[in-house]
Amino acid sequence: MLQFIKSIPAIATALLLVAASSATAQEMFAKVDANADGALDKTEFAAFIDAAAQAGRPNAKKIQSANLYAQAFARIDKNKDGSITQAELAAMR
Numbered sequence: 001m002l003q004f005i006k007s008i009p010a011i012a013t014a015l016l017l018v019a020a021s022s023a024t025a026q027e028m029f030a031k032v033d034a035n036a037d038g039a040l041d042k043t044e045f046a047a048f049i050d051a052a053a054q055a056g057r058p059n060a061k062k063i064q065s066a067n068l069y070a071q072a073f074a075r076i077d078k079n080k081d082g083s084i085t086q087a088e089l090a091a092m093r
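Anchor point for the sequence shown: position 64 equals 64 in our numbering, and the numbering is continuous, going up by one each time.
I should point out that these hints are in silico values taken from the structure, not numbers from a laboratory. Each hint should be verified, as a subset may be incorrect.
Calculated lysine to any residue pairs in the SDA-like style (CA-CA distance at most 20 Å, straight line) [what the hints assert, rightly or not]:
| # | residue 1 | residue 2 |
| --- | --- | --- |
| 1 | 61 | 76 |
| 2 | 80 | 91 |
| 3 | 80 | 54 |
Just so you know, these numbers come straight off a predicted model, no measurement behind them.
All chains should be built: construct the whole structure from the sequences, respecting the hints.
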């Protein structure tokens with residue numbers, strides 16, 4: 001489990017590649033950004049993970065099944081402002 005938690009940056013990178021069949025990562029980001037403020041809060045981030053899991057992304061499924069949303073969010077939110085921007089997601093590449 002500890003190894004999986006350490007791999008969260010790689011998971012975030014994998015989530016950026018979710019653009020499998022219907023939308024690009026930017027489009028997915030925009031769809032789950034419910035208030036259209038250009039950043040994902042924890043609820044919106046959970047929706048992003050859930051959409052990625054539904055799209056068949058195995059790492060998103062792991063976050064979902066292990067309920068590691070908060071840990072993944074904390075790792076990606078580099079400036080600790082309580083939201084994740086597209087730039088923060090892109091920085092995980």
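Next on the checklist: Please list, smallest to largest, the hint numbers that this structure does not respect.
Outcome noted: 3
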